[in-house]
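There are 2 protein chains.
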Amino acid sequence: MRPKLGGVLETALYVEDVEASARFYQELFGFERIEGDHRLVALSVLGRQVLLLIRKGSSAGPHQSSGGVIPGSDSSGTSHLTFKIDASDFDAWEKWLGENGVAIESKVPWERGGRSLYFRDPDNHLLELATPGTWAIY
Amino acid sequence: MRPKLGGVLETALYVEDVEASARFYQELFGFERIEGDHRLVALSVLGRQVLLLIRKGSSAGPHQSSGGVIPGSDSSGTSHLTFKIDASDFDAWEKWLGENGVAIESKVPWERGGRSLYFRDPDNHLLELATPGTWAIY
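Listed in order, the protein sequences are those of chains A and B. So the number in the working numbering is just where the residue sits in the first sequence, counting from 1, plus 4. So the number in the working numbering is just where the residue sits in the second sequence, counting from 1, plus 4.
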């Protein structure tokens, strides 16, 4: 029988400059830095999830931690990540992105009534803010 | 003032074969398929998040949806994703992975008392199951 699972904990983005990326996510979204070195910065997504910013090329091979071996991963190109926002905060997010010099690449209304804002992080990763009514489960 | 944010909604993995990947995540984790075509499959992570499996090369450019343009993203290599599990389910997950023919690449105990299991998906993306005591916030 399949054991229980509790949802997403960590999601990773592979970036050129971990400090520049960390500043972007900290300032724009208010994520707090919980760990970090020259290779990897871990940000708390409001105490719910962890966003890992990993320097490209730095983690392709296994990494020895105090407890054991962390197997490698390394990715290039642009990935995608979406955060939940309330419908009542949609306009405020649009304004906040503008005030922070972040260009909105697209605004999409969905059939279920939700709306999305699309924009880019410093590595051109595609970020999205979505209100409820985007998916059958959200 | 920075508007409110509600945590991670969507996280994406870029894969060779969306159907093979979807089967892997559905069978191993019990994620339900909520949308899908030859290009992209969306799985519900227990109604909490959405895992997007995107065929490599299929979404590099903008995509016209009924509501508007979804900007492109495309990634190669191996990414990383972690799911939360209870400490009391650690052994059951180890057994379940074995029963499903998934090789465990590493088992790591953390200083805070948590433990992680590392293994691979069909595209060699690095998956992790982590119990509480892994991060300051978890």
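No lab work stands behind these hints, which were simulated from the structure alone. Check each hint, because a few of them may be wrong.
Since the list can't tell identical chains apart, any single copy or any two copies may satisfy a pair.
In silico DSBU-like cross-links for lysine-lysine, where the CA-CA straight-line distance does not exceed 35 Å [stated by the list, open to error]:
(1) Lys8 x Lys88
(2) Lys8 x Lys60
(3) Lys99 x Lys8
(4) Lys111 x Lys99
(5) Lys60 x Lys99
(6) Lys111 x Lys60
Verification of the supplied hints:
When the C-alpha separation of Lys8 and Lys88 is checked against a cutoff of 35 Å, the pair qualifies both within a copy, at 24 Å, and between copies, at 9 Å. Both within a single protomer and between protomers do Lys8 and Lys60 lie at most 35 Å apart by alpha-carbon distance, with minima of 33 Å and 30 Å respectively. Proximity of Lys99 and Lys8 under a CA criterion of 35 Å is satisfied inter-copy only: 13 Å between copies versus 40 Å inside one chain copy. Within a single copy, Lys111 and Lys99 get their C-alpha atoms as close as 13 Å, which meets the 35 Å cut-off; across copies the closest is 45 Å, which misses it.
Taking the closest pair of Cα atoms, Lys60 and Lys99 come within 35 Å of each other both inside a single copy (31 Å) and across two copies (33 Å). In this assembly of identical chains, Lys111 and Lys60 lie within 35 Å of each other by CA distance both inside one copy and across copies; the values are 30 Å within and 24 Å between.
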